[in-house]
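Participant: So you can see what is in the structure, the chains are spelled out below.
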Amino acid sequence: SQKIEQNSEALNIQEGKTATLTCNYTNYSPAYLQWYRQDPGRGPVFLLLIRENEKEKRKERLKVTFDTTLKQSLFHITASQPADSATYLCALDVTGGFKTIFGAGTRLFVKA
Amino acid sequence: NAGVTQTPKFQVLKTGQSMTLQCAQDMNHEYMSWYRQDPGMGLRLIHYSVGAGITDQGEVPNGYNVSRSTTEDFPLRLLSAAPSQTSVYFCASRGQRNTEAFFGQGTRLTVV
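As given, the protein sequences belong to chains L and U, one line each in that order.
Per my numbering: the first sequence = residues 72 to 183.
Per my numbering: the second sequence = residues 34 to 145.
Simulated from the structure, these hints should not be mistaken for lab results.
None of the values given here were measured: they were computed from a predicted structure.
All the given hints hold, so there is nothing to weed out.
Simulated crosslink set (DSBU-like; lysine-lysine; CA at most 35 Å straight-line):
id, chain 1, residue 1, chain 2, residue 2
1, L, K74, L, K128
2, L, K74, L, K142
3, L, K74, U, K42
4, L, K74, U, K47
5, U, K42, L, K130
6, U, K42, L, K134
7, U, K42, L, K182
8, L, K88, L, K126
9, L, K134, L, K88
Pulled out of the complex, with its shape left as it was, chain L reads as follows (with noise of 0.2 Å):
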């Protein structure tokens, strides 16, 4: 079955840096990859979507690129702010688009 493993360690950087968060998965070729960003006790609310045509996608300060020789999506967030603390989650649509799996997520920790 489709598997996707994100650095369960947290990552923790200074405000200001460049985070990077990694989303490594198995056992299929998704079209699409998505991002979202969860906040404790809330629901996960979306970032970016890439396409694997796409190779890199930007959005203000985020950057998602996809290798789909490697199977690995990278994230990165510039400029980091402490705001940005939250975890960061990966997601494959699967079966023609119809479920989306998710990885277990990266925290992230921002300090001023």
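Go by the hints and put chain U onto chain L.
Facilitator: Just chain U now, with coordinates in the frame of chain L:
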């Protein structure tokens, strides 16, 4: 525009009791899903629906039933609650395949 609304927010059940978690969306979305989230395991798909009258199983469907009689509502039924079903449950909807999902605020369920 309320988005995705889940009720209740909190619930405590005794082992063997049954209950229904409610989910409603007002965005006229065809696709709806139920996830459970446990520490360290991320979001796991329970059941999903691609339209009124059409449902299918996700990764962890045992012990749960769903139905979709209208586009707006997608209730999740626990038939006979077990302590292993203690979790946070999220409902999500999306307008089309391979697009962003909108999540509710979650239902925190404890089975004692």
